[in-house]
Structure formats: structure tokens, C-alpha cells
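Novice: Top line first, the protein sequences correspond to chains A and B. Start counting the first sequence at 1; every next residue gets the next number (this note's numbering). Start counting the second sequence at 1; every next residue gets the next number (this note's numbering).
No lab work stands behind these hints: they were computed from the structure. Positions of the beta carbon are idealized from the N, C-alpha and C atoms, including for glycine. Mixed in with the good hints, there may be bad ones.
One-sided excerpt, in silico: chain B residues whose CB lies under 7 Å from chain A [as the list claims (entries may be wrong)]:
| id | residue |
| --- | --- |
| 1 | Leu43 |
| 2 | Phe65 |
| 3 | Phe106 |
| 4 | Asp108 |
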Amino acid sequence: ILNVEQSPQSLHVQEGDSTNFTCSFPSSNFYALHWYRWETAKSPEALFVMTLNGDEKKKGRISATLNTKEGYSYLYIKGSQPEDSATYLCAFTVSWGKLQFGAGTQVVVTP
Amino acid sequence: NAGVMQNPRHLVRRRGQEARLRCSPMKGHSHVYWYRQLPEEGLKFMVYLQKENIIDESGMPKERFSAEFPKEGPSILRIQQVVRGDSAAYFCASSPWGASNQPQHFGDGTRLSIL
Numbered sequence: 001i002l003n004v005e006q007s008p009q010s011l012h013v014q015e016g017d018s019t020n021f022t023c024s025f026p027s028s029n030f031y032a033l034h035w036y037r038w039e040t041a042k043s044p045e046a047l048f049v050m051t052l053n054g055d056e057k058k059k060g061r062i063s064a065t066l067n068t069k070e071g072y073s074y075l076y077i078k079g080s081q082p083e084d085s086a087t088y089l090c091a092f093t094v095s096w097g098k099l100q101f102g103a104g105t106q107v108v109v110t111p
Numbered sequence: 001n002a003g004v005m006q007n008p009r010h011l012v013r014r015r016g017q018e019a020r021l022r023c024s025p026m027k028g029h030s031h032v033y034w035y036r037q038l039p040e041e042g043l044k045f046m047v048y049l050q051k052e053n054i055i056d057e058s059g060m061p062k063e064r065f066s067a068e069f070p071k072e073g074p075s076i077l078r079i080q081q082v083v084r085g086d087s088a089a090y091f092c093a094s095s096p097w098g099a100s101n102q103p104q105h106f107g108d109g110t111r112l113s114i115l
């Protein structure tokens, strides 16, 4: 079983503050690393798919970096807003079409 | 453009009954994936299907579970003789093709409760 670990499990952020959290994954046989945002009672929403070492992706105030050699990815939220409150999942492509998900980092942004 | 549609949203079954969960992928998507989220756990891969073919079923329990994606109509995840341990949220996702650099687009899930 390939382990995808996310830390921290949860974090509380003051509105306007920036934050970041980690996803670690196996560094061998790398295909792709996915980030999803999952709000309560909704479906997971795809944020980024990252494939190349050193990749940086950005979507509004959210960005992600990728280090495939050491097996980690960071997700950054700049100037957190209450609407950023969600669980952020990373997923490692194990094989064609098969994703191994981490347990997620739950982000709570308080006004 | 409609997203991935799953129905029903909630399904209640008694032990021993059959549960059928449906998933209509996004328009133009021919690859479907099923994931299960057991209580207090994360999303776990079950099966990957392309029209009329099972590509990877390595996450499917060996007994009672089956999946299909016919040429016409939605993908179906079928659970026979349900037990309490089958209570979970079942999510379907789809993509236009199966490349690893493509995001999978998820539906809202079916919450299955076994009495």
C-alpha cells in the first residue's frame, strides 16, 4: 500500500493570514499529484494536477509546489478568507486512473 | 455543462437487500471511477471503468460488489446482500480520458445506510 500523508490534520487560520500545508507521497514511480478542495456537503473540486518536478501552479490566492525527488507538495493559501474553509485533499496517481488519497487537511478560516 | 450526476443521493437498505448506485459522467467523458468513503476514513479507490470495459478493479471487495459501464446509460455500482459494514458514502468521478495528468471530476456522492 502506498502511503499519502497530509499534515497537519487540521488548522485554524485568522481571516487575512496566509497558510500552507503539506502532502508527502512515494518518490518512486511518480505519475502525477492531484489537489482537491472539498467543502462540506459538496463534491471534491479539482484544483491542480502536477506532473513535473519543480512545478508551481496557481489559482487565484491558492498555489501549489511539487518536489518529486523528495516526495512532497505544498499548498499555499494567501490572505485566507472564510470561503477558503474546506478540507484540502491530495491524491497520488498510483496507476492509470487510480488515485490514492490522503486523509486531508481541514482548514477553518475565522473572521 | 452538467457535472457528474449520482443518484440517489441517499439510499437506505436492510441487511441482505441489494443496493444499486448510479453515475452519469460529464458529457464527453468516457472514463468513470468509483471511490468509497467509510465513516471516519478517507476516499478509497474501488474501480475504474471505460465504456463496456473494467480497466482496474483492484479496490473492489472480492464478493458482493460489481460495477458496469454499459455502452448506453449510466455506470452502475451494485452491492448484493448488503451488510452493515457497507454503510458509506460512494463517490463517482469521470474524466474525458484516463491519462494521469487529467483531473477526475466528482459527483456529490450517494450516502448508503444499512439498517
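Novice: Go through the numbered hints given earlier and state which of them the structure violates, listing their numbers in rising order.
Specialist: Violated hint (a single one): 2; every other hint is consistent with the structure.
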